[in-house]
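Line by line, the protein sequences give chains A and B.
Numbering follows the numbering used here, in which position 267 of the first sequence is assigned residue number 299; successive positions increment by one, without gaps.
Numbering follows the numbering used here, in which position 214 of the second sequence is assigned residue number 246; successive positions increment by one, without gaps.
It is possible that some hints are incorrect.
Each pair may be met inside one copy or between any two copies, as identical chains are not told apart.
Unchecked claim - Straight line, CA to CA, 20 Å or less: simulated SDA-like cross-link-like pairs of lysine to any residue: (1) K246 <-> T312; (2) K381 <-> A416; (3) K381 <-> S185; (4) K100 <-> S141; (5) K217 <-> A207; (6) K226 <-> A303; (7) K284 <-> V260; (8) K52 <-> H126; (9) K46 <-> K97; (10) K100 <-> L83; (11) K100 <-> G44; (12) K100 <-> P78; (13) K291 <-> S189; (14) K381 <-> V296; (15) K284 <-> L380; (16) K100 <-> P42.
Because the hints were derived from the structure by calculation, they are not lab data.
2 protein chains.
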Amino acid sequence: MALADRWLLPDGVKEILPPKARQVEVLRRRLLDLYDNWGYEQVMPPLVEHLDSLLTGVGRDLDTKTYKLVDQESGRTLGLRADITPQVARIDAHRMSHEGANRLCYCGSVVHTRAENMLASRNPLQLGAEIYGHAGIESDVEVISLMLETLFSCGISDELSLDLGHVDVYSGVVAQASMTDEQNKRYHELVQIKALPELTEFVASLAVDSSISKMLLALPRLNGGIDVLESASEILGLASSEVKQALAYLVKLAAIMQKRYPQVDLYIDLAELRGANYHTGVVFSVLSPDFAQAVAKGGRYDGIGKDFGRPRPATGFSTDLVTLCDISANIDARLGVLAPAGEDASLLKAIAELRAQGVRVIQQLPADDHEATLHCDRELVQQADNWVIVPSDRNLKLKN
Amino acid sequence: MALADRWLLPDGVKEILPPKARQVEVLRRRLLDLYDNWGYEQVMPPLVEHLDSLLTGVGRDLDTKTYKLVDQESGRTLGLRADITPQVARIDAHRMSHEGANRLCYCGSVVHTRAENMLASRNPLQLGAEIYGHAGIESDVEVISLMLETLFSCGISDELSLDLGHVDVYSGVVAQASMTDEQNKRYHELVQIKALPELTEFVASLAVDSSISKMLLALPRLNGGIDVLESASEILGLASSEVKQALAYLVKLAAIMQKRYPQVDLYIDLAELRGANYHTGVVFSVLSPDFAQAVAKGGRYDGIGKDFGRPRPATGFSTDLVTLCDISANIDARLGVLAPAGEDASLLKAIAELRAQGVRVIQQLPADDHEATLHCDRELVQQADNWVIVPSDRNLKLKN
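Okay, chain A solo, but in the shape it has when bound:
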């Protein structure tokens, strides 16, 4: 590599510099404390582990996102984590002895082999919270509430939209159509890109009952406000009981969420496929007008611990802390007190006392005449026998 390029980062790999790094740190603490106040215990899984453990019970999508490494100690294949949830599932299944509900949270970097889209970071700072061991709607309500509170805690609360879906709706309708693998794949593609004319043509080519072709055609249009759930129970009236149960679940969930958070718009998307990687039930995400993609997302993934020998119900959400920081309000840079150089005992004592009180004190280094970069608006000066803080006119240099 040319010398001049040595400092370049790979495309899509991002790093966080001052003052933004402090802002990310502040949000990190605020959110982990929020989860702690809700009873979620923090875990810190490793950056690398056996590939089998990272990919157990999850879809192909995560496999292609995960960097592979060879363990020089054992010769086995390791993975650099692209997602933290499978690690938390392993921890719940094997490392903890909880019989009942187990609330866990985490914050850590992950790495993706390729960016999910043009703007996405390949190394998000994944933050999330999960409940293991509880199958009812109450745990979904709790994690969705905590997902919304996460945004509120970052000052992101205007015009939020909560997207709800359920993987059983799509999979139930498709199962009824008894399509070939090829047809399933084609249908999935057309629904994903919402290509309605092609879809009409494709569905007409299938040898299925008109009630089923009607459902196949309706699915990608079943999104919008909460009244979509009403239309859906009519249009999917002949669907399997699996589909109907999923719809009933969404009706109940939507009512609770609307009551808890009337200020958040509800959006129903019954062809929602995004979370289908390891999700097995309800899927949810939250959108803000300040960001093109979902700001946070999650869902239910019962049975994720099965391959670790302990299938337990599970529900949770995750987000990228850097994205949250980008769309939240800025915090002010922290200004300090500039202290003179030297080993004078009374000076060192005064500096230590101020720092212990939480004051930022920068002791000047000799021959360092670039204090303007140090962000100090006060100075420590000796008056009679005391060290006192006075406003600094060097501050003007900083401001100009």
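The hints should help you fit chain B onto chain A, whose structure is shown.
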């Protein structure tokens, strides 16, 4: 991999579970706040970047410790960071515009291809602080002081020993001996393992002046209390000016550190080679009787930014936060308030208010009768129209 083994972590790879993870989090905040109070700005470099950038200006040792990956976007080789200091050097050299002293700090995971020793973690949580752009003894004094304050802040203060060395002493003496590469390597090995009889034999076999062979033989024995510096100036009296300057520097540094921290034992090791990977001047480490290796270490690495086009003086230290946590005092587990299940508006309001005050409140999930695992010593109950906190007898279950 057998199903039953899927949950095993690779040898030497560690993860942090509750309640220790919270303790690591508490120390992380305390130490980053300490650095912030000293004027160090936090940076968050990425887990992966171009291998050339990670290994620029550093020794072979770091190369073999670093996992290599192929960037699927560019085909170029990436490295999974094994050390954060080269990244911080790149940030100082290229991403920031400071002309004077630049104080930076960080906390993040690194991964080593192999453990440094039987007990070492392959994924330490590296925490450190560095000053770029200042060449004098004052910046070394500041980072060594901050390294000691790091330990004090973790409650580690008994029988600490501060090790001081200087890479110019060893390299200056060796340069005077004009040995072949082969001989240099052999001498290095023998000094490292302090194999004195073999060393005597080896030095006798060299065709060098008696004054030089005396120095070569003395070097591995020049360690101990601060009086070693006095013996050294006698024994190395015929050494080059480079060696003498290094000794004079250590005398001055030792005097300042002894005055600042009289409670810390000083230990001088003039054959100290540990930091030689990218260090160019003074090297230092701190030892505690509770841990077999150095708890924190660092040194001066002037010119580390050279290959990024901006050589600047640099000095700093780093430590493993997990090790610090292991040898510091335990913090108490956080107990919470157990609230009943339900969507009652007054209940949800009471819970939200308590959480906003920083109280941990866990809302019970229906059919979850394992509250004992939730670590609650109080309950939220309705009395007349109010929700009040009462001590919980379920706490007994937890304690028993």
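Check K381 against A416 for me: Cα-Cα at most 20 Å, and say if that holds within a copy, between copies, both or neither. within (16 Å within a copy, 56 Å between copies)
Please sort K284 with V260 into within, between, both or neither, judging by C-alpha distance up to 20 Å. Classified as within; 14 Å inside a copy, 78 Å across copies.
Up to 20 Å CA-CA - T312 versus K246, copy category: For K246 and T312, the Cα distance exceeds 20 Å both inside one copy (25 Å) and across copies (75 Å).
One pair to classify: K381 and V296, alpha carbons no more than 20 Å apart. Within, between, both, or neither? Intra 53 Å, inter 18 Å, cutoff 20 Å: inter-copy only.
Given identical chains, is K100 near L83, meaning Cα to Cα at most 20 Å, within a copy, between copies, both, or neither? Answer is both; intra-copy 7 Å and inter-copy 16 Å each pass.
Within, between, both or neither: how does the pair K100, S141 come out at a Cα-Cα threshold of 20 Å? For K100 and S141, both the intra-copy (16 Å) and inter-copy (18 Å) Cα distances are at most 20 Å.
At most 20 Å between alpha carbons: which applies to K284 and L380, within, between, both or neither? Between copies only: 18 Å across, 64 Å inside.
What label fits K291 with S189 when the C-alpha limit is 20 Å: within, between, both, or neither? within (16 Å within a copy, 54 Å between copies)
Please sort K226 with A303 into within, between, both or neither, judging by C-alpha distance up to 20 Å. For K226 and A303, only the intra-copy Cα distance (10 Å) is at most 20 Å; the inter-copy one is 70 Å.
If the cutoff is 20 Å on CA atoms, where do K100 and P42 land: within, between, both or neither? Let me know, please. both (18 Å within a copy, 14 Å between copies)
Classify it for me, K52 with H126: is the Cα-Cα distance of at most 20 Å met within a copy, between copies, both or neither? between (37 Å within a copy, 17 Å between copies)
Tell me, please, which holds for K100 and G44 at an alpha-carbon limit of 20 Å: within, between, both or neither? both (19 Å within a copy, 18 Å between copies)
Violated hint for the displayed structure: number 1, the only one.
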